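Asker: For reference, the chains in residue letters:
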Amino acid sequence: MQADEQDRPLLKVRNLRVEFATKSNIFSRQKSSVKAVDGISFDIKRGETLGLVGESGSGKTTAALAIARLLEASGGEVNLNNVDLLQLEREDLRQARTKLQFIFQDPYSSLNPRKRAEEIVREPLDSLTDFDQVKRQKIVDNLFDSVGLRHEQKKLFPHQFSGGQRQRLGIARALSTNPELVICDEAVSALDVAVQAQILNLLKDLQANLGLTYLFISHDLGVVKHMCDSVVVMYMGKVVEHANREQLFSAPKHPYTKTLLNAVPKLDVALDVTEVQNQMSKSATENSFVNGCKFFDRCPLSQPKCKEVAPELGETQTGHWVACHMIS
Amino acid sequence: MVDKLLEVKNLRVELQTKDGVVPVIDDLSFDLDYGESLSFVGESGCGKSMTALALMGLLPEKVGRIASGSIKFEGRQLANASSEDLRKIRGNEISMIFQEPMTSLNPVLSVGEQISEVLRLHQKMSVNSAWKRAEDLLDAVNIPDPKRRVHDYPFQMSGGQRQRVMIAMALACEPKILIADEPTTALDVTVQAQIFGLLKDLQTKTGTSIILITHDMGAVAQMARKMIVMYAGRPCEIGEVAQVIKTPQHPYTTGLISCVPHLDDAIIDANNRLSEIPGIVPSLREFGSNKCLFASRCKHQMEQCRAERPVLAQFSNKQAFACWKREIIDAG
Amino acid sequence: MMDRKTENSEYLEQASSPSAEAWEMFKRNHAAMAGLVILFVITIGSIFGPLIYPTDPFDMVWAPFSPPGEEGYLFGTDYLGRDLLAMVIHGARVSLVIGLSAAIVSIFIGVTIGALAGFYRGYIEEILMRVTEFFQVLPTLLFSMVIVALFGASLTMITIAIGIVSWTAVARITRSEFLRIRELEYVMASRASGVSNTKLMFGIILPNALPPIIVQSALMVGSAILFEAGLSFLGLTDPNVVSWGQIIGSNRQYILDASYTVTIPGIAIFVTVLAISLVGDGLNDALNPKLRAR
Numbered sequence: 003m004q005a006d007e008q009d010r011p012l013l014k015v016r017n018l019r020v021e022f023a024t025k026s027n028i029f030s031r032q033k034s035s036v037k038a039v040d041g042i043s044f045d046i047k048r049g050e051t052l053g054l055v056g057e058s059g060s061g062k063t064t065a066a067l068a069i070a071r072l073l074e075a076s077g078g079e080v081n082l083n084n085v086d087l088l089q090l091e092r093e094d095l096r097q098a099r100t101k102l103q104f105i106f107q108d109p110y111s112s113l114n115p116r117k118r119a120e121e122i123v124r125e126p127l128d129s130l131t132d133f134d135q136v137k138r139q140k141i142v143d144n145l146f147d148s149v150g151l152r153h154e155q156k157k158l159f160p161h162q163f164s165g166g167q168r169q170r171l172g173i174a175r176a177l178s179t180n181p182e183l184v185i186c187d188e189a190v191s192a193l194d195v196a197v198q199a200q201i202l203n204l205l206k207d208l209q210a211n212l213g214l215t216y217l218f219i220s221h222d223l224g225v226v227k228h229m230c231d232s233v234v235v236m237y238m239g240k241v242v243e244h245a246n247r248e249q250l251f252s253a254p255k256h257p258y259t260k261t262l263l264n265a266v267p268k269l270d271v272a273l274d275v276t277e278v279q280n281q282m283s284k285s286a287t288e289n290s291f292v293n294g295c296k297f298f299d300r301c302p303l304s305q306p307k308c309k310e311v312a313p314e315l316g317e318t319q320t321g322h323w324v325a326c327h328m329i330s
Numbered sequence: 006m007v008d009k010l011l012e013v014k015n016l017r018v019e020l021q022t023k024d025g026v027v028p029v030i031d032d033l034s035f036d037l038d039y040g041e042s043l044s045f046v047g048e049s050g051c052g053k054s055m056t057a058l059a060l061m062g063l064l065p066e067k068v069g070r071i072a073s074g075s076i077k078f079e080g081r082q083l084a085n086a087s088s089e090d091l092r093k094i095r096g097n098e099i100s101m102i103f104q105e106p107m108t109s110l111n112p113v114l115s116v117g118e119q120i121s122e123v124l125r126l127h128q129k130m131s132v133n134s135a136w137k138r139a140e141d142l143l144d145a146v147n148i149p150d151p152k153r154r155v156h157d158y159p160f161q162m163s164g165g166q167r168q169r170v171m172i173a174m175a176l177a178c179e180p181k182i183l184i185a186d187e188p189t190t191a192l193d194v195t196v197q198a199q200i201f202g203l204l205k206d207l208q209t210k211t212g213t214s215i216i217l218i219t220h221d222m223g224a225v226a227q228m229a230r231k232m233i234v235m236y237a238g239r240p241c242e243i244g245e246v247a248q249v250i251k252t253p254q255h256p257y258t259t260g261l262i263s264c265v266p267h268l269d270d271a272i273i274d275a276n277n278r279l280s281e282i283p284g285i286v287p288s289l290r291e292f293g294s295n296k297c298l299f300a301s302r303c304k305h306q307m308e309q310c311r312a313e314r315p316v317l318a319q320f321s322n323k324q325a326f327a328c329w330k331r332e333i334i335d336a337g
Numbered sequence: 027m028m029d030r031k032t033e034n035s036e037y038l039e040q041a042s043s044p045s046a047e048a049w050e051m052f053k054r055n056h057a058a059m060a061g062l063v064i065l066f067v068i069t070i071g072s073i074f075g076p077l078i079y080p081t082d083p084f085d086m087v088w089a090p091f092s093p094p095g096e097e098g099y100l101f102g103t104d105y106l107g108r109d110l111l112a113m114v115i116h117g118a119r120v121s122l123v124i125g126l127s128a129a130i131v132s133i134f135i136g137v138t139i140g141a142l143a144g145f146y147r148g149y150i151e152e153i154l155m156r157v158t159e160f161f162q163v164l165p166t167l168l169f170s171m172v173i174v175a176l177f178g179a180s181l182t183m184i185t186i187a188i189g190i191v192s193w194t195a196v197a198r199i200t201r202s203e204f205l206r207i208r209e210l211e212y213v214m215a216s217r218a219s220g221v222s223n224t225k226l227m228f229g230i231i232l233p234n235a236l237p238p239i240i241v242q243s244a245l246m247v248g249s250a251i252l253f254e255a256g257l258s259f260l261g262l263t264d265p266n267v268v269s270w271g272q273i274i275g276s277n278r279q280y281i282l283d284a285s286y287t288v289t290i291p292g293i294a295i296f297v298t299v300l301a302i303s304l305v306g307d308g309l310n311d312a313l314n315p316k317l318r319a320r
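Residue numbers (my numbering), protein chains in the order written: chain Z, 3 to 330; chain P, 6 to 337; chain H, 27 to 320.
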């Protein structure tokens, strides 16, 4: 691989939007919509991990599903290797899917209970590739080795595995077509802490061995800090801050990012809950129709301007983007 | 001598399973003082929730029972109390909040009705005064505009608000002990911080003792003064939180702390690995055997661990743990 | 609650499939096993009975209305002097075949419509569900009588008529199962793996939606047998074949004088439908993962 190709981002997301139509009531034909993802943009470099964080309702999972074409996007571009995935249809999309795979959150509902382990892992090979039986079998065998499952377990059904083993199966399935980008949607949050560590280590090992690129979605900031090279913080469908790991965790700029980081219980420092409480005591209202900053009503720095004009994502220093009127 | 608020001695809870009777809680002793906060930590399947259910007298009927040991609540024996007596204590003097605030609230009753029902049942309040008190309670758990929200149904509230309602319900009768079983696991971090803040505030105001069940060491550090690490139904380390987190003695405690990436960890380099606890919690069939149940996952394991169950021994005046290899762990 | 998810799977090394586990569960249900045995005996009887007891059910073998046991005719004779035992044995075949094939017809219609409605949503769902509701509110007996009256009382027509009026329950169950399962992550995972819509519907979702459909189908065989009996009782039947309902129908005028001519085929229907219900209940328990104690 050439050097310049190394540096070019593997995934470029530009102005991605996802809207859900909501019917206001059965008598009106008027359609309104909720902007679940409201124009987000970011790049992921080859071989790196980008963390997508935010609270429930921030649109991080919706964005991931739209990037993987598992949900119809309303607009924008998703460039994987300079091919816009959102424009692909049928056969082209099928080919593109081999390069982009998904690891799901729930190890219990993400595996078909009626299929054997090897069938589950082989499914992407069966529907996306034209390899012969022998080759598919060989790939499955290798995958079982690399995710740490035993070959005797190939014939078992999902309910015969523990949670961690099931997540290993989910990882093996995602890796079967030799993808370049793997989207991990809360891949460890349903697991017990000890098992979570095993899976995180496995993901890191696989990345090192196979040169994988991860889009890593999580609500656990400790895990994100451990796993990711750079981090995108989302709030109500918008990117509010985007920086590399060091800057985001040591010098967060957006008030929402600061709030999030403060809220995580630390091992030694007594948590200053009063601060978080004061900021967040106003419940997040349905302010998706507000023109201005979505964080306006919970923000300690908010000014009248914030309510009127939505802040643009701007680069405050190299590689550190923030969307806030009060930060420049 | 004045009775402790709660005194549990050599508690053993047995569960009837397909493979026979297994002790899901095996020789657990601890006590809890007025206004104190205690935390149970461990992976799922280690008996944390079972402990809570045993204290509440809510063990699954016909399947689970307290086999031996005692639970003394202000000198009253709960271990073999009648279900009538337990019902009077439950929700009144000991109450509990659960992990999933959606499924633990009744969807067809308004939150006001649910809170006032508890008050009418235990405190024999009138309909009107119970309703008034429900409003006050919603206010106390920081739900804005309680006069209006008291008529809301659970589905009209956010996850955090529902958990606040659960807390309001649990605190309705000013219980002496509040058991919180993973109260914030289903919630966002900012909401979690608010709930923790709320619980702490209420504790200072009302003097309620709190038993927090969690898998999150950070939550323990924030919320509790004493902690009990449970593994496979047995306590493996007991002590003061600050002490245990600073100098964990049992390999399982050490593992639990270091296998989680904490936000206050320094960023070392790109490829640092987490320290793992290999394997998973043993199956129920192994519970109760006379050996260290953690041995199969422990890097310090030796002959004795597989031959005999380690006893809980005092390490300092603030800490006790159950492991045969006391000395090597000091070394690291 | 102890979390059974963490249960160590090491000892479960034999590959026990969900269906194998359901069968284990079913075997432990005595009532359901009894039902299965009865059903087995009736089925075997309907297949081989005519060989062992070759009397033609249309032959007038003896004086009419001779009570059971007389002259060696175990069940007696009907109003035309035909051997009632031969009629019951031969009738079993027709009743079971009609019950089974009517159930198959309605499962085929119901599953197809339910699957399409649940999978595609939107206007396809709207249209299909309105169609379903239309069939649901039709007076079933009247409608099937009209079909049979219009197209002739052949066995095929009767089967189709019963099938057409009874598929709506299957369609609704299938749709609701599809609506639930299509949102599960493993379906999403299959879509991420590039699986086609047809395969998603019938290869991934349908097998997981089967349990309630199977239960419903089992119960439907029973109700189809009853339905056929009802039509026969009203005379809407092929006069050239004998079924249990038809025996009752043709003897109904004599119900007071020779009640056994109606009671005996009635008992046959009752026992068969009861056995089917027991099996259906057993399947319901066995296929319900929540009841599957582990």
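Just so you know, these hints were derived from the structure itself, not from any lab.
You may find that some hints are simply not true.
Unchecked claim - Mimicking EDC-like on lysine to aspartate or glutamate, the simulated pairs with C-alpha atoms at most 20 Å apart in a straight line are:
1) Z/Lys260 with Z/Asp207
2) Z/Lys268 with P/Glu187
3) P/Lys23 with H/Glu47
4) Z/Lys47 with Z/Glu93
5) Z/Lys255 with P/Asp269
6) Z/Lys156 with H/Glu47
7) H/Lys225 with Z/Asp132
8) Z/Lys14 with Z/Glu50
9) P/Lys23 with H/Asp307
10) P/Lys251 with Z/Asp86
11) Z/Lys268 with P/Asp206
12) H/Lys225 with Z/Glu317
13) Z/Lys206 with P/Glu281
Computed from a predicted structure; not experimentally measured.
Asker: Does each hint fit the structure? Answer for all of them.
Answerer: Hint check results:
1. Z/Lys260 with Z/Asp207: violated, 31 Å
2. Z/Lys268 with P/Glu187: Given pair Z/Lys268, P/Glu187 holds - Cα atoms ~17 Å apart, limit 20 Å.
3. P/Lys23 with H/Glu47: Measuring from Cα to Cα gives roughly 15 Å; hence the hint holds.
4. Z/Lys47 with Z/Glu93: violated, 26 Å
5. Z/Lys255 with P/Asp269: Given pair Z/Lys255, P/Asp269 holds - Cα atoms ~18 Å apart, limit 20 Å.
6. Z/Lys156 with H/Glu47: Holds. Z/Lys156 to H/Glu47 sits at ~18 Å (cutoff 20 Å).
7. H/Lys225 with Z/Asp132: Roughly 17 Å separates the two Cα atoms, so the pair holds.
8. Z/Lys14 with Z/Glu50: This hinted pair holds, its Cα atoms lying about 13 Å apart.
9. P/Lys23 with H/Asp307: violated, 24 Å
10. P/Lys251 with Z/Asp86: Distance of about 51 Å is beyond 20 Å: violated.
11. Z/Lys268 with P/Asp206: holds, 19 Å
12. H/Lys225 with Z/Glu317: violated, 47 Å
13. Z/Lys206 with P/Glu281: Holds, at about 13 Å.
Going through the hint list in order, the structure does not satisfy hints 1, 4, 9, 10, 12.
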